[in-house]
Amino acid sequence: AQKVTQAQTEISVVEKEDVTLDCVYETRDTTYYLFWYKQPPSGELVFLIRRNSFDEQNEISGRYSWNFQKSTSSFNFTITASQVVDSAVYFCALSDGSSNTGKLIFGQGTTLQVKP
Amino acid sequence: SAVISQKPSRDICQRGTSLTIQCQVDSQVTMMFWYRQQPGQSLTLIATANQGSEATYESGFVIDKFPISRPNLTFSTLTVSNMSPEDSSIYLCSVDQRQGARDTEAFFGQGTRLTVV
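As given, the protein sequences belong to chains A and B, one line each in that order.
Under the working numbering, the residue at position 11 of the first sequence is numbered 11, and the numbers go up by one with no gaps.
Under the working numbering, the residue at position 30 of the second sequence is numbered 30, and the numbers go up by one with no gaps.
What the hints contain is simulated information worked out from the structure, not anything from laboratory work.
Small disclaimer: the values here were computed from a predicted structure and weren't measured.
Take these hints with a grain of salt, some might be off.
[Stated by the list, open to error] From the derived model, a few chain B residues whose C-beta atoms are all more than 12 Å from chain A:
#1 Cys-13
#2 Arg-15
#3 Thr-48
#4 Val-62
#5 Phe-75
#6 Phe-108
#7 Val-116
[To be verified] Listed next, the in silico DSSO-like pairs over lysine-lysine satisfying Cα-Cα at most 30 Å (straight line):
#8 B:Lys-65 <-> A:Lys-3
#9 A:Lys-103 <-> A:Lys-70
#10 A:Lys-3 <-> A:Lys-103
#11 A:Lys-115 <-> A:Lys-70
#12 A:Lys-16 <-> A:Lys-115
#13 B:Lys-7 <-> A:Lys-38
#14 A:Lys-70 <-> A:Lys-38
#15 A:Lys-16 <-> A:Lys-38
#16 A:Lys-70 <-> A:Lys-3
#17 B:Lys-65 <-> A:Lys-115
#18 A:Lys-16 <-> B:Lys-7
#19 B:Lys-65 <-> B:Lys-7
For glycine and all other residues, C-beta sits at the position ideal for the given N, C-alpha and C.
Sequences and hints are given; from them, build the entire structure.
Okay, structure coming up:
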């Protein structure tokens, strides 16, 4: 069965600190997709990144970076020089890449609080 | 990227009543998905809305409680029937969109925040 684990329920940092959000997944599929979403207090889900199982290259987008390691089934997310606006709930998600790719399994989410 | 409009954005409803949530996409998509997010919880898939056939429900969700329509490739509705306070949640519509042969995006509407009193 597919499963996503975000072991960190809540993280609190001070502005400008770096913070890493952990995500560990389980799947028997060889083709799959991993996602990160941000959910601010307003409730909408903001897409951050998608990674397919064929591509283990790490990615950097501004202050955001992602470390995908198939050997440890992890897809961790790092925010560099955090800002108050980064405060939100962050979800990691997994989908079956063979068919219903929109059918996502979500982790429990990590609430990030960035204090000024 | 797909743009998804979801209505209403929020509502407060009396127990025992029903609410229909609409999801409109700006492009044709094969699959549309409905998720529920209970307060302080993660997202759980309710069902997959298939065009031209009945929706496919996940374990724990039934058609009588959450009837779904999918009249065409750009629109779907989810009804929350005979509501109770336990149905208070954010309901989100989602679509996936292929990006080439080996890639995909999963887009979400802005959600409907439902409170049942």
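Hint check results:
Against chain A, the non-interface label of Cys-13 of chain B holds: every CB pair exceeds 12 Å, the least being about 17 Å. Separation of Arg-15 of chain B from chain A is adequate, the least Cβ-Cβ distance of about 22 Å exceeding the 12 Å criterion. Residue placement check: Thr-48 of chain B does not keep its beta carbon more than 12 Å from all beta carbons of chain A (closest about 6 Å). Consistency note on Val-62 of chain B: stated as away from chain A, and its beta-carbon is indeed over 12 Å from all of that chain's, at 18 Å minimum.
For Phe-75 of chain B, the non-interface assignment is confirmed: its Cβ lies about 16 Å from the closest Cβ of chain A, beyond the 12 Å cut-off. Not every beta carbon of chain A lies more than 12 Å from that of Phe-108 of chain B, the smallest distance being close to 4 Å; the non-interface claim is violated. Here Val-116 of chain B stays apart from chain A, with its beta-carbon at least about 17 Å from theirs, past the 12 Å limit. Distance restraint check for Lys-65 of chain B and Lys-3 of chain A: the Cα-Cα separation of roughly 26 Å lies within the 30 Å cut-off, and the hinted pair is therefore satisfied.
Proposed proximity of Lys-103 of chain A and Lys-70 of chain A is supported: the alpha carbons are some 21 Å apart, at most 30 Å. Taking the CA atoms of Lys-3 of chain A and Lys-103 of chain A, the gap is near 13 Å; set against the 30 Å cutoff, the hint holds. Distance restraint check for Lys-115 of chain A and Lys-70 of chain A: the Cα-Cα separation of roughly 33 Å exceeds the 30 Å cut-off, and the hinted pair is therefore not satisfied. For a cut-off of 30 Å, the pair hint linking Lys-16 of chain A to Lys-115 of chain A stands: about 9 Å separates their Cα positions.
Distance restraint check for Lys-7 of chain B and Lys-38 of chain A: the Cα-Cα separation of roughly 21 Å lies within the 30 Å cut-off, and the hinted pair is therefore satisfied. Distance restraint check for Lys-70 of chain A and Lys-38 of chain A: the Cα-Cα separation of roughly 23 Å lies within the 30 Å cut-off, and the hinted pair is therefore satisfied. This hinted pair checks out: Lys-16 of chain A and Lys-38 of chain A have alpha carbons roughly 19 Å apart, not beyond 30 Å. A threshold of 30 Å between alpha carbons decides the hint, and for Lys-70 of chain A with Lys-3 of chain A the separation of about 15 Å falls inside it, so the pair holds.
A distance of roughly 42 Å separates the Cα atoms of Lys-65 of chain B and Lys-115 of chain A; the hinted pair therefore is violated under the 30 Å criterion. For the suggested pair Lys-16 of chain A and Lys-7 of chain B, the alpha carbons sit about 38 Å apart, so the restraint of at most 30 Å is broken. The suggested pairing of Lys-65 of chain B with Lys-7 of chain B holds, with an alpha-carbon distance near 19 Å, which does not exceed 30 Å.
When the structure is compared with the earlier hints, violations turn up for hints 3, 6, 11, 17, 18 and for no others.
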